[in-house]
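K.L.:
Chain residues, written in single-letter form:
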Amino acid sequence: MNKELEHSFVELLEKHQNIAHKVCRLYTNNYDAHNDLFQEITIQLWKAYPKFRGDSKFSTWMYRVALNTAITLYRKSKRSIKTQDFDGVEFKIKTEAYDDTEEQQLKVLYQAVHQLNDIEKALVFLYLEDKDYREISETLGISEVNARVKMNRIKTKLKTILNP
Amino acid sequence: MDELEILKRDWNKQGERNKLSVADIYPMLRKKSSSIVKTLFYISVAELVFWILVNSIPYLTSDSYRKKLDEVYGNDLLFNWLTIFSYVVIILFIYLLYKSYKSISVTDSSKKLMESILRTRKIVKYYVLYNLIMAGVSVVIGFYFAFNHDPELADQISHFSDKQYIIFTIIVVLAIGLFILIIWLFYKLIYGFLLKRLNKNYAELKRLEV
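Quick note, the sequences are listed as chains L and D, same order. Using our numbering, count along the first sequence one by one with no gaps and you end on 164. Using our numbering, count along the second sequence one by one with no gaps and you end on 374.
Keep in mind that the hints were calculated from the coordinates and are not lab data. Treat the hints with care, since some could be wrong.
Here are the simulated DSSO-like pairs of lysine-lysine, each with C-alpha atoms no more than 30 Å apart in a straight line [as the list claims (entries may be wrong)]: (1) L:K76 x D:K352; (2) D:K177 x L:K76; (3) D:K275 x L:K47; (4) L:K121 x D:K177; (5) D:K177 x L:K131; (6) L:K15 x D:K183; (7) L:K107 x D:K177; (8) D:K263 x L:K57; (9) D:K327 x L:K107; (10) D:K231 x L:K51; (11) D:K231 x L:K121; (12) D:K275 x L:K131; (13) L:K121 x D:K327; (14) D:K352 x L:K57.
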């Protein structure tokens with residue numbers, strides 16, 4: 001691959017890296033795993049980049065590759081052995097009181113989202129990214145109606161996790 | 165307020181905490197992928213090579229084995245056709261695998277990507293199945309020819325009593341069965357481990373469509 005292509009790719013990825021970080025935040029529990037998944041997403045993006053035509057936005061294209069890497073291609077490497085969790089108290093949600101302060105609220109929310117399965121997390125991710133149901137359905141390969149129904153179920157499930 | 169709306173407020177701050185520079189990203193492009201597609205590719209190549217070696221090593225390395233085979237099967241039409249058939253099948257599998265790998269695209273929808281990977285895995289599965297069946301068929305044909313064309317063995321067998329003959333047959337059948345079972349379990353374990361997550365996610369996507 002030529003230098004020019006590499007340079008344009010790195011510039012674009014640096015600009016849109018937030019997307020990959022957000023995917024990693026949802027699918028991993030610690031920093032090593034986060035970095036490992038980010039590394040794999042980068043490789044997959046780079047491998048697919050020569051076919052990126054630019055007729056869609058780089059960010060839109062990146063959503064798909066990053067999510068597909070997280071839910072399908074990623075295989076935990078040896079590097080991602082469990083170290084310190086992001087929050088230190090992952091999955092202990094039921095024993096904690098649902099605090100009103102925003103920080104505590106967010107921590108509990110992230111923990112709740114981590115309890116969802118991979119596909120549910122993908123829907124949550126696209127929802128948080130303000131994608132409409134047409135785009136959600138196209139990215140995952142399900143119908144628009146089913147994406148909507150599933151999203152409503154996830155919201156209910158989250159409520160149940162948060163208020164057992 | 166909707167829980168996800170609260171999350172949304174914090175959502176876009178993620179990258180700020182982990183922000184990488186251009187200099188950090190460059191070396192990442194040189195690293196090797198550890199994706200399941202790559203692993204699947206290595207396994208399928210290993211399988212192709214393994215079965216080709218299993219079929220050809222005894223023939224290539226042992227003079228007496230080659231001589232014996234040439235003697236017994238050399239002029240047999242069925243054996244020659246089987247050899248040609250096995251080469252055609254190997255070429256066909258290599259072609260199908262290549263085509264299948266080429267169709268795996270990370271930019272497809274998640275469901276389509278999973279289906280492409282599972283289709284590739286299925287081709288490898290059929291290849292293994294084909295080899296196991298061929299191994300079984302070869303043993304049966306081998307015994308048939310050995311009984312009819314190898315005077316040494318035919319002589320030994322002719323001294324067997326009925327009981328010995330039955331025991332001998334049972335041992336042969338059990339040995340073949342055990343061999344096939346071990347190989348089958350081995351593959352189940354490898355693919356089960358490798359594709360566990362993919363299978364689970366694919367099942368979840370399929371469930372959404374019901």
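K.L.:
Now look at each hint and say whether the structure bears it out.
P.N.:
Hint-by-hint comparison with the structure:
A C-alpha spacing of about 20 Å is found between L:K76 and D:K352, which places the hinted pair at or below 30 Å, so the restraint holds. Distance check on the hinted pair: D:K177 and L:K76 sit about 25 Å apart at the alpha-carbon level, within 30 Å; holds. Using a Cα cut-off of 30 Å, the hinted pair D:K275 and L:K47 holds, with the two alpha carbons roughly 20 Å apart. For a cut-off of 30 Å, the pair hint linking L:K121 to D:K177 stands: about 18 Å separates their Cα positions.
Of the pairs offered as hints, the one joining D:K177 and L:K131 holds, with about 18 Å between alpha carbons and a cut-off of 30 Å not exceeded. In summary, the hint linking L:K15 to D:K183 is supported, as the alpha carbons are separated by about 10 Å, within the 30 Å threshold. A hinted pair counts as satisfied when its Cα atoms are at most 30 Å apart, and L:K107 with D:K177 qualifies at roughly 14 Å. At most 30 Å may separate the alpha-carbon atoms for a hinted pair to count; D:K263 and L:K57 meet this at roughly 29 Å.
For the given pair, D:K327 sits about 74 Å from L:K107 by alpha-carbon distance, which is inconsistent with the 30 Å threshold. Under the criterion of a C-alpha separation no larger than 30 Å, the hint pairing D:K231 with L:K51 is inconsistent with the structure, at around 54 Å. A hinted pair counts as satisfied when its Cα atoms are at most 30 Å apart, and D:K231 with L:K121 does not qualify at roughly 63 Å. About 18 Å separates the Cα atoms of D:K275 and L:K131, which keeps this hinted pair within 30 Å; it holds.
Proposed proximity of L:K121 and D:K327 is contradicted: the alpha carbons are some 64 Å apart, above 30 Å. A distance of roughly 41 Å separates the Cα atoms of D:K352 and L:K57; the hinted pair therefore is violated under the 30 Å criterion.
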